[in-house]
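*Asks:* Sequence:
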Amino acid sequence: MMGRVRLVVDRKRLGDWGIEDLADLVNVLRQQEAVARSEAEWVDVDPHNLS
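Counting from 10, one number per residue, gives the positions in the sequence shown under our numbering.
It cannot be assumed that every hint is accurate.
[Claimed, not checked] So the derived label-pair ranges between C-beta atoms look like this:
| no. | residue 1 | residue 2 | range |
| --- | --- | --- | --- |
| 1 | Gly-24 | Glu-50 | 36 to 42 Å |
| 2 | Asp-55 | Glu-29 | 45 to 51 Å |
| 3 | Glu-48 | Asp-25 | 30 to 36 Å |
| 4 | Leu-16 | Glu-50 | 24 to 30 Å |
| 5 | Ala-49 | Arg-20 | 48 to 54 Å |
| 6 | Asp-33 | Pro-56 | 39 to 45 Å |
| 7 | Val-35 | Pro-56 | 33 to 39 Å |
| 8 | Arg-20 | Asp-55 | 21 to 27 Å |
| 9 | His-57 | Leu-31 | 46 to 52 Å |
| 10 | Arg-15 | Ala-49 | 19 to 25 Å |
If you're looking for bench data, these hints aren't it; they were derived computationally from the structure.
Quick caveat: nothing in here was measured; it's all calculated off a predicted structure.
Virtual Cβ for every residue (Gly too), placed ideally from N, Cα, C.
My request is simple: use the sequences and hints to build the entire structure.
*Replies:* Here it is, written out as C-alpha coordinates:
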(Lines of atoms letter the chains of each structure in order from A and count residues from 1; the text may use other names and numbers.)
(Lines give C-alpha, C1' and ligand atoms only; values in the text may rest on other atoms or scores of the structure.)
Protein backbone atom coordinates (compact mmCIF):
# COMPACT_ATOMS: atom_id res chain seq x y z
CA MET A 1 0.00 0.00 0.00
CA MET A 2 1.42 3.31 -1.02
CA GLY A 3 0.68 6.52 0.75
CA ARG A 4 1.77 10.08 0.93
CA VAL A 5 3.23 12.04 3.76
CA ARG A 6 2.68 15.74 4.04
CA LEU A 7 5.54 17.65 5.58
CA VAL A 8 4.31 20.79 7.28
CA VAL A 9 6.96 23.29 8.29
CA ASP A 10 6.52 26.03 10.84
CA ARG A 11 8.88 28.74 9.61
CA LYS A 12 9.18 30.25 13.08
CA ARG A 13 10.47 26.95 14.49
CA LEU A 14 12.65 26.13 11.48
CA GLY A 15 15.67 27.84 13.01
CA ASP A 16 18.87 27.33 11.04
CA TRP A 17 17.26 24.89 8.62
CA GLY A 18 16.91 26.05 5.06
CA ILE A 19 15.12 24.71 2.02
CA GLU A 20 18.22 22.71 1.06
CA ASP A 21 18.12 20.92 4.41
CA LEU A 22 14.46 20.05 3.89
CA ALA A 23 15.24 18.76 0.40
CA ASP A 24 18.01 16.58 1.88
CA LEU A 25 15.56 15.24 4.45
CA VAL A 26 13.03 14.35 1.76
CA ASN A 27 15.73 12.59 -0.26
CA VAL A 28 16.80 10.53 2.75
CA LEU A 29 13.19 9.52 3.39
CA ARG A 30 12.80 8.49 -0.26
CA GLN A 31 16.00 6.41 -0.09
CA GLN A 32 14.79 4.68 3.08
CA GLU A 33 11.47 3.92 1.39
CA ALA A 34 13.29 2.40 -1.59
CA VAL A 35 15.41 0.22 0.70
CA ALA A 36 12.36 -0.89 2.66
CA ARG A 37 10.57 -1.84 -0.56
CA SER A 38 13.57 -3.78 -1.87
CA GLU A 39 13.86 -5.70 1.42
CA ALA A 40 10.16 -6.44 1.75
CA GLU A 41 9.11 -10.02 1.33
CA TRP A 42 5.92 -10.59 -0.60
CA VAL A 43 3.93 -13.74 0.05
CA ASP A 44 0.77 -15.08 -1.51
CA VAL A 45 -2.03 -15.55 0.99
CA ASP A 46 -5.02 -17.80 0.48
CA PRO A 47 -7.87 -15.91 2.19
CA HIS A 48 -9.79 -19.17 2.59
CA ASN A 49 -6.96 -20.81 4.52
CA LEU A 50 -6.20 -18.27 7.25
CA SER A 51 -5.62 -19.48 10.77
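*Asks:* Next step is simple, just say for each hint if it's right about the structure.
*Replies:* Verification of the hints:
no.: 1; hint: Gly-24 <-> Glu-50: 36 to 42 Å; result: 40 Å, holds
no.: 2; hint: Asp-55 <-> Glu-29: 45 to 51 Å; result: 49 Å, holds
no.: 3; hint: Glu-48 <-> Asp-25: 30 to 36 Å; result: 34 Å, holds
no.: 4; hint: Leu-16 <-> Glu-50: 24 to 30 Å; result: 29 Å, holds
no.: 5; hint: Ala-49 <-> Arg-20: 48 to 54 Å; result: 36 Å, violated
no.: 6; hint: Asp-33 <-> Pro-56: 39 to 45 Å; result: 42 Å, holds
no.: 7; hint: Val-35 <-> Pro-56: 33 to 39 Å; result: 37 Å, holds
no.: 8; hint: Arg-20 <-> Asp-55: 21 to 27 Å; result: 52 Å, violated
no.: 9; hint: His-57 <-> Leu-31: 46 to 52 Å; result: 47 Å, holds
no.: 10; hint: Arg-15 <-> Ala-49: 19 to 25 Å; result: 23 Å, holds
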